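Q: Spelled out, the chains give:
Number of protein chains: 2
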Amino acid sequence: MHHTAELIAVGTEILLGNITNTDAQMLSEGLSALGIDVLYHTVVGDNPARLREALTVARQRVDVIITTGGLGPTYDDLTKQTICEVFGRKNVLHEDIAAWLRARFAAQNQVMTDNNLAQACLPEGATVFPNANGTAPGCAFCEGGVHVLMLPGPPHECLGMFRSGAVPYLRALSEDVIVSHTLRLYGKGESAVEAILRDRIAAMTNPSVAPYARTDECMLRLTAKANSEAAAEAMLAPVIADVMRAVGDWVYGVDVENLESVCFALLKEKGLTLAAAESCTGGLIAKRITDLPGASSVFCGGVVSYTNAVKSGVLGVDRALLEQFGAVSEPVARAMAEGVRRITGADLGVSVTGVAGPGTDERGNPVGTVFIGLATPDGTLCRAFAFGKRSRARIRGHAANSAFDLVRRFLQGKPLSV
Amino acid sequence: MHHTAELIAVGTEILLGNITNTDAQMLSEGLSALGIDVLYHTVVGDNPARLREALTVARQRVDVIITTGGLGPTYDDLTKQTICEVFGRKNVLHEDIAAWLRARFAAQNQVMTDNNLAQACLPEGATVFPNANGTAPGCAFCEGGVHVLMLPGPPHECLGMFRSGAVPYLRALSEDVIVSHTLRLYGKGESAVEAILRDRIAAMTNPSVAPYARTDECMLRLTAKANSEAAAEAMLAPVIADVMRAVGDWVYGVDVENLESVCFALLKEKGLTLAAAESCTGGLIAKRITDLPGASSVFCGGVVSYTNAVKSGVLGVDRALLEQFGAVSEPVARAMAEGVRRITGADLGVSVTGVAGPGTDERGNPVGTVFIGLATPDGTLCRAFAFGKRSRARIRGHAANSAFDLVRRFLQGKPLSV
Numbered sequence: 015m016h017h018t019a020e021l022i023a024v025g026t027e028i029l030l031g032n033i034t035n036t037d038a039q040m041l042s043e044g045l046s047a048l049g050i051d052v053l054y055h056t057v058v059g060d061n062p063a064r065l066r067e068a069l070t071v072a073r074q075r076v077d078v079i080i081t082t083g084g085l086g087p088t089y090d091d092l093t094k095q096t097i098c099e100v101f102g103r104k105n106v107l108h109e110d111i112a113a114w115l116r117a118r119f120a121a122q123n124q125v126m127t128d129n130n131l132a133q134a135c136l137p138e139g140a141t142v143f144p145n146a147n148g149t150a151p152g153c154a155f156c157e158g159g160v161h162v163l164m165l166p167g168p169p170h171e172c173l174g175m176f177r178s179g180a181v182p183y184l185r186a187l188s189e190d191v192i193v194s195h196t197l198r199l200y201g202k203g204e205s206a207v208e209a210i211l212r213d214r215i216a217a218m219t220n221p222s223v224a225p226y227a228r229t230d231e232c233m234l235r236l237t238a239k240a241n242s243e244a245a246a247e248a249m250l251a252p253v254i255a256d257v258m259r260a261v262g263d264w265v266y267g268v269d270v271e272n273l274e275s276v277c278f279a280l281l282k283e284k285g286l287t288l289a290a291a292e293s294c295t296g297g298l299i300a301k302r303i304t305d306l307p308g309a310s311s312v313f314c315g316g317v318v319s320y321t322n323a324v325k326s327g328v329l330g331v332d333r334a335l336l337e338q339f340g341a342v343s344e345p346v347a348r349a350m351a352e353g354v355r356r357i358t359g360a361d362l363g364v365s366v367t368g369v370a371g372p373g374t375d376e377r378g379n380p381v382g383t384v385f386i387g388l389a390t391p392d393g394t395l396c397r398a399f400a401f402g403k404r405s406r407a408r409i410r411g412h413a414a415n416s417a418f419d420l421v422r423r424f425l426q427g428k429p430l431s432v
Numbered sequence: 015m016h017h018t019a020e021l022i023a024v025g026t027e028i029l030l031g032n033i034t035n036t037d038a039q040m041l042s043e044g045l046s047a048l049g050i051d052v053l054y055h056t057v058v059g060d061n062p063a064r065l066r067e068a069l070t071v072a073r074q075r076v077d078v079i080i081t082t083g084g085l086g087p088t089y090d091d092l093t094k095q096t097i098c099e100v101f102g103r104k105n106v107l108h109e110d111i112a113a114w115l116r117a118r119f120a121a122q123n124q125v126m127t128d129n130n131l132a133q134a135c136l137p138e139g140a141t142v143f144p145n146a147n148g149t150a151p152g153c154a155f156c157e158g159g160v161h162v163l164m165l166p167g168p169p170h171e172c173l174g175m176f177r178s179g180a181v182p183y184l185r186a187l188s189e190d191v192i193v194s195h196t197l198r199l200y201g202k203g204e205s206a207v208e209a210i211l212r213d214r215i216a217a218m219t220n221p222s223v224a225p226y227a228r229t230d231e232c233m234l235r236l237t238a239k240a241n242s243e244a245a246a247e248a249m250l251a252p253v254i255a256d257v258m259r260a261v262g263d264w265v266y267g268v269d270v271e272n273l274e275s276v277c278f279a280l281l282k283e284k285g286l287t288l289a290a291a292e293s294c295t296g297g298l299i300a301k302r303i304t305d306l307p308g309a310s311s312v313f314c315g316g317v318v319s320y321t322n323a324v325k326s327g328v329l330g331v332d333r334a335l336l337e338q339f340g341a342v343s344e345p346v347a348r349a350m351a352e353g354v355r356r357i358t359g360a361d362l363g364v365s366v367t368g369v370a371g372p373g374t375d376e377r378g379n380p381v382g383t384v385f386i387g388l389a390t391p392d393g394t395l396c397r398a399f400a401f402g403k404r405s406r407a408r409i410r411g412h413a414a415n416s417a418f419d420l421v422r423r424f425l426q427g428k429p430l431s432v
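Those protein sequence lines, which keep their order, are chains C and Y.
Taking this note's numbering, I'd label the letters of the first sequence as residues 15 to 432.
Taking this note's numbering, I'd label the letters of the second sequence as residues 15 to 432.
The shape of chain C in the complex, shown without the other chains (with noise of 0.2 Å):
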């Protein structure tokens, strides 16, 4: 059976644009993997008569709601009884809930009130969500075939409790399995791919090709449906390796984060550390990369070189070169790659010198020019880029981006330019 969803989220925080409804993102691309149908996203305040409208309305549209917020102790009340009241319901005090909840705060050495014991009342024979993150669980019931379901608002919570409750109860709903895979590209924009598998995204139903524009990069994601997991896997696999023999230059990863996550992995691997000369990007490789909890095993660190002084005083940059051809030029960015390496002591140094813009160079380079250079123990290569008339944010984004794929080609051996 198909399923059609609606995502109820519950806070006047969200109406007084205070905070943006990123859970209504993460939920939908989590729900689209499994194959649910998202037709409509909908935000009410703290106000139980609108939420009662709005689930009054989405019962008869949809056969899933998944709401969001509301459970903490502080409105504890409103998303839960108004779901009781609305789907008759009786809202019932969960002993071993609340037993946990009395364990978690005496061994933080606090107090519980009693509105905290409020979180443990959630709708009768309703499956339980345990909250990872928090202290508020959430809950799933079926009333006359639609299905409620009802997670934490704050976005870390919410993400946690759809892994590990949402997503099993909602896979339970149907006897078909879908598995997803996700091909990250990089170097070659949406309808370009798009135009490249044409005629096997037209072809097939299932499994299904899809891509999907995401800033600065691109995705694919196939889908097939079969009655196990196994079976799912083989109809994907022959899917893959087409869809790779096609466009696999550009595909960094399957199933992964970012390309800084790529590169970490390769990295640390390989047994190899990177440094980063940063002008354009002005600190943004760095940071991209030190997201990542444990970054330091692989990553020195690196020199935001913002004026020249900085590229010949830090980095060593010979300053013939930079009044001979510029700060925005291959030669520097070669020689800021190789400063790099050197003062880190790092096996490999990558650069980024560019015109981000809003205005050109005081040479005139156009906003959008991106030399990339990448110094490692066999020499130094450098690659150019156009990235054209996009925001200087956009153009930060290419550059970075640019750059972690360029070592991401060279850590795998693959072509080295795009």
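In short, the hints are calculated from the structure, not lab data.
Identical chains blur together in the list; that is why a pair holds if it fits in one copy or across any two.
Once the Cα atoms are required to be at most 20 Å apart in a straight line, the calculated SDA-like pairs of lysine to any residue come out as:
1. K403 x L306
2. K403 x G148
3. K202 x I33
4. K282 x G359
5. K428 x I254
6. K403 x N123
Being a predicted model, the structure only gives us computed values, none of them experimental.
Go by the hints and put chain Y onto chain C.
A: Chain Y in isolation, oriented as in the chain C frame:
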């Protein structure tokens, strides 16, 4: 008259989770500053039947409907045609928009295809909102007491048109003028600020004061309603002065973007330059200040010293200090700040060394321990922070904010201890 609003986003890519509905956050914030209550957010796909239903529901429960998306040449018919159907208006060609589009394409030496001309069709009698950042214009009309505004989906087009077209249209609906100012605070949480201001918040209705939590900081919005802008400003001035007396130490700016933009403006005003030596923030400080166009006039660059070898080899931190006190210590933070100031030639050097987690460091410093140094022409100072058991991203965010805030306080001659 008090107005209530519903935002309806049109876009299958939002329901698939490919993009987050950031337009809703941005519009909600803007409408809240205009004194308009946003009661619902709704998202539907590129599906006329579901959009029709959403519009039919919305016109019964609010008097301002703002749609985002579905105005471009490919989906052109969807939003405008459906709105025209529901509200009984004709979708007619606006000759002036068609002429503007033809000129725009001609200027770029591109052929304008017929589907582009559909962008020049808008509901009869609508107020046209020109699009400064794209080709699809927006518009607004009023039917049966309900105002319908159509804005484009891409966030920079949406924001631009909201400010230039929608805000003046909505302001004109009311004889009252609403003026808001936003005080940005760092170093005190929303609940602590609320506790200090509780009596004032409770006692005031016009002007009103409302605190909001933001990622790693908080803000206060002060709003006044009057019959002229001057009258509203006159009502706000004493309230701002009063609030500044109570929490002014933590206010880093009024109607400003963020801490880095305040530092940028102060450095520029004083003709000073900054450099950063970053350990646990790993380039975040450099990345944030270089997000701002023109950063090179105040920011020399910096060093990401993720290893002790880089701290000593590049920044010149004495190895004896590293061995005696460890990398996460006040003496090392001071030496890093002085080192980066010396090697870059900047007027001010700021440094961060700390434990971003998830694990403690090799000396057992707890997660969240952070030292921030500031080297100035008059000497060096250092502050210690304990950001507690936050996530790695939040500790890095707080460390960067604290570094910018220390620079800000130094440049403003404010107390240097929080």
